[in-house]
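Peer 1: One-letter residues, chain by chain:
Protein chains: 2
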Amino acid sequence: MAYDFPDLNRLIAPQSVAVIGASDRAHSVGCEALINLSQHSDFTGEIYPVNPKRDTIMGLKAYPNMASLPDGGVDVAMVCVPADRVLGALRDAADVGTRFAVVFTSGFAETGEEGKLIEAEMQVIARATGMRIYGPNVPGLSNINRRIGLTFSPVFKDDKMGGKIGLVTQGGGLGRSFIQASERNIGIGLWASTGNEADLQLGDFIHHMAHDPDISVIAVLAESLRDGPRFLTAAQAAAKAGKPIIAMKVGQSEYGVKATQSHTAAMAGSAAVTSALFRQHGIVEVNDIDELIDTAALFARAGIRKRKGICVYSFSGGTGALAADMVGSAGLTLAEFAPETVAALKNIAPSYAAVDNPVDLTTAVFTIKDMNRNCLELAAKDPDTDIVLLPTPANYGGITDLAAADVIALAGGDTLFVPVWMAGYDAKGYTALNEAGINPFHSLGKAAKAMKRLIWRGNWQAGDAPDAHPASALPEGALDEAAAKTFLAKAGIPTPRGDVATGASEAATLANSLGYPVVLKALVPGLLHKTEAGGVAIGLADAAAVRAAWGAMEATLAAQDITLKRGLVEQMVTQSGTECVIGLHDDPAFGMVLSFGLGGIFVEAIGDVTYRSVPIGPAEAARMIDDIRGHALLGPLRGRKGVDKAALADVLVAVSKLGVPGRIAELDLNPVLAGPDGVIALDALIVRTENDK
Amino acid sequence: MAYDFPDLNRLIAPQSVAVIGASDRAHSVGCEALINLSQHSDFTGEIYPVNPKRDTIMGLKAYPNMASLPDGGVDVAMVCVPADRVLGALRDAADVGTRFAVVFTSGFAETGEEGKLIEAEMQVIARATGMRIYGPNVPGLSNINRRIGLTFSPVFKDDKMGGKIGLVTQGGGLGRSFIQASERNIGIGLWASTGNEADLQLGDFIHHMAHDPDISVIAVLAESLRDGPRFLTAAQAAAKAGKPIIAMKVGQSEYGVKATQSHTAAMAGSAAVTSALFRQHGIVEVNDIDELIDTAALFARAGIRKRKGICVYSFSGGTGALAADMVGSAGLTLAEFAPETVAALKNIAPSYAAVDNPVDLTTAVFTIKDMNRNCLELAAKDPDTDIVLLPTPANYGGITDLAAADVIALAGGDTLFVPVWMAGYDAKGYTALNEAGINPFHSLGKAAKAMKRLIWRGNWQAGDAPDAHPASALPEGALDEAAAKTFLAKAGIPTPRGDVATGASEAATLANSLGYPVVLKALVPGLLHKTEAGGVAIGLADAAAVRAAWGAMEATLAAQDITLKRGLVEQMVTQSGTECVIGLHDDPAFGMVLSFGLGGIFVEAIGDVTYRSVPIGPAEAARMIDDIRGHALLGPLRGRKGVDKAALADVLVAVSKLGVPGRIAELDLNPVLAGPDGVIALDALIVRTENDK
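Top line first, the protein sequences correspond to chains L and F. Mapping of the first sequence onto numbering that gives the first Met the number 0: residues 0 to 692, in sequence order. Mapping of the second sequence onto numbering that gives the first Met the number 0: residues 0 to 692, in sequence order.
Simulated from the structure, these hints should not be mistaken for laboratory data. Each residue gets a CB set at the ideal place from its N, CA and C atoms; glycine is no exception. Don't take every hint at face value.
What the hints assert, rightly or not - Covered by chain F, according to a simulated footprint, are these stretches of chain L (three or more residues, beta-carbon under 8 Å): (1) 164–172; (2) 188–202; (3) 333–344; (4) 410–423; (5) 472–483.
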């Protein structure tokens, strides 16, 4: 789907700004916003305070209303008026051709139905006039790189650092947490906090940052995704621009979903769907604020590429062993040193040091001059080493400072240094590393997770698209199992051969032409649990058995006041295989979403399903299959042949192509039998959307 | 098993100490050790420098050897001599009746076979003389509470804080990392670093701390468990004394196992076994050094008891939502505020604040005086609130400092406050909380994990023991399936009725008396994979079928040069049920260990097994069953009845009683069929230990 993303350049770096509700009353929104722009920003454009009661404010000429501005519309109008006057202010701004409005005011959708209606009215204004609205309920927008603050935050004056990280959040508090990482010299260049998203959303700012040359890594903190497909499209633009997205999504648990809804009044999607779709689109998902910050900082200094091994480098044997352990637990690979590396290290290090990976130089570093730097250089230059993990268990003063200096001196080459400072942040070496932009992690486990994410993103490739045949429309009339299977078969999804009979004799004739054994399934509108109702007979070996089964089924259903008028007669599938489930659902966050999992009682107890946005091509389908935890069950096992994964992938691609918005509300193929010789959907349910005729 | 733990009081707080190899050569071990004891310790006992070349050292009278000491043996001899003179020094010390020797010197087991032999000799000296040896390859022992340093660490002089946490590590570097947490006012009272453990081990110090009145929480960092049962017995003593153990075990991955082995020359056990046995014995396992420190600190200020709900308290809606989300993701429960709590909060907080849990006071805290303290007090006093989680996303200066002061003012009651400082550690509020001993966590996720562990430990109860029948000895002779099953049946483990036949006719007669259908299994020494070899026939419905099966089996085996002399004829079990596996193995770390898991192909792919030290009683067996991830498969599912868990627990108890050391090397019941009407072991393999006749 194509999205029409707005050009936000005149919002991010405006040339003229009006402050509607400007004031010099200390601590008021209209005062703080004006101060931030006029005093704490390097803003050279025009500033127009709008306040009908004043002639000047803070030495700037004030205007009674937007219509009185000398040049008509402005790039940005900051709306600082109380909630009941916001719509009026927006209309005034739009009327004179203002490009963007920033609405700080809160008290809208987050307070209830009435507020939601006002936000709907804001959308109407935006659509009708073309003036885009940022907010309401936002602390503002901080362009730290260009030092322009469209914000009433009283701490904006301290946000001076700038940097390559673009930050997109919804709420303000957690965004501020990230911004304060500048204390550790982690630089954020642009921070958008989208609040209630009456108009502009997370995705719009991600899309902007994908094209902003000052931004190289995009950090996202999402409480809810108002428009998932738009978000993913923006993410695709970022991926195409080679800019990784590090994202955290609140709403992993019921508590989080509930708290987020009451906090932002937005609908939360399922965490499992979100995680799977993030993976699909190369979005690096993290699970905590500190991970968001530290991972973004790591990505900001590391290139996105395929990587080889990790060298663990320390002068404490126990620490090196622990670090190697963490590397292994994270599923990462230690570098295998070349013989030359080992030989060169042995030349320098004492005999009792460990010069294989993990390297443990022992306390000899305290006494042998330059040994640490020389050995570190050798380890970093090893051909299989791509990352050097440097855990510092404790601050030993001088030697710890020196070791940090060695890292700083050798950094900047192809090999990435990842220091971990495990104690005492009030240490020279720690500060020096931060000042050099080589931010140490604070725990080994978090460093291992971040490296894992970096390596994962380096290996990730954008998914392929299916070939271009558009999906056929659903057939008219009732979509019972027979109709659904006919439709699916035409769409390239194998189903058992079969047809509809309207009586016992017709069923028998049909069975004769299909060949035995056959299955008979009742086709009764609204009867979902056929088996439980006695509406399924399997293993029917001849015509007599088919007739008898029809009669018995008719009687059983009649006892439940159900009339058997039509039955589906199908060839019985006797091949062995693994039961899978494949489906489509209309996700509240992401629209049509494809699901795949293992079927049967075990998986029902364990819950092992993965998801994709649609459509997907065969390569992405293959990754989807390998994504489930129990994927080993589809491979060869205990001498049993593995399933035909190519055929399974073909079915996933075919189903994904059916996921056209507005047609199917739900599609369930359960079970799909996947075997070594093919894949076949044994049962099928399709529910059309209410919009679809 | 009963262990004879040594009384370590005279090691921890000696009255007389000799320093063998004392020196005044700067930076030498013998110099640093003497300085630490004579200058940096509050040690009032006798100090005897031992050095044949000197009359006095640092103003203290020196002695040429241990025999020349005025009062014969001392409480502790610190051995500071080179590796080749250590054995001699130990013998000299033991000869005069020294109680304990601390061996700092390295270069023993960690360097190879020769070093291992020397350590074996140290053990011989310890056993023969009763002088217990601490080390070798240790930085020393720090009794920080009483300020006695038996250590050559040059930074001991700074270890002044003391506290209720006892720390037991093997290596020194990671222990030092923990000690430096004193920068955040986290106090360690006693630190033992056991090094190569030629004699004294982790367990000995845990046992000491269990009885040390100055210690209330024991933190353990284990690279390897030299004697797992001893460790667990010490842990039981700590649990009995009401002192929680927080433990981290290196060796979760192959890399960690390998690196630890080369670093300490000790054998590492399986991580899955370790984790399960830790859980069984109430040991709180953590996964990183920062978790070890912060969790120990939390336990040191929190009581071990059952707890009710968690209140999330903040003045940032997004942060509160995230914290609530993390509480939910960790499987914890938010407190349900009493109506009175909500009403009282509403009285104070503004209308737009959230006063249900999570509490979000919004930025109103900046303006309404005392609101934060009053609301926090109300939340803390809510009857369902047991813990208040206080996430601070950013440092806002004054209000953040005030909020910290409010926490400090209200702490100390029944409700536990858990602050999380998410940004800027260079902040007044952060420092104030640390100074008050209410150490903030640094990430929400880690705080949630720590609370989860605290609540888990509060709910944990020591396992029960089985009734006292001792296990019968294994029968003489070959332990084929028939003999194994007979033995198991006598031990109370249900097996199918059956007996041994030596020919087709005897098999048929036997089958007639058992009733049909029956199973025939070849009993051939050394034939493990009976089914694959054609040595199993099932579903034999009458005598003719039995005779035919015998003949066919005889021929099939003969074609593989195997003679069928004996066959097991059994009633065929036709009941349905879930396949389980139950086993015993001789674990390198823990000795006899009981295992339980689900059987079948699914579980083989997923690997879902849990473990227990033996023996266990029925309550612990029930917990073991619930411990596996797929335990829902044993309950009622899809209308199927659940398995008879009491019968399954009985089998686990019976098997656990067979785990007597030195008898069984391996026992495998695979599958055990567990159904609603009972549990039966369908196949059995017992391998006796080489020691057992």
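Peer 1: For each hint, tell me whether it holds in the structure or not.
Peer 2: Hints, one by one, checked against the model:
1. 164–172: holds (count 5)
2. 188–202: With 0 residues in contact (Cβ-Cβ under 8 Å with chain F), the coverage given for the region 188–202 of chain L is violated.
3. 333–344: violated (count 1)
4. 410–423: holds (count 3)
5. 472–483: That given contact is violated, which follows from only 0 residues of the region 472–483 of chain L lying within Cβ reach (below 8 Å) of chain F.
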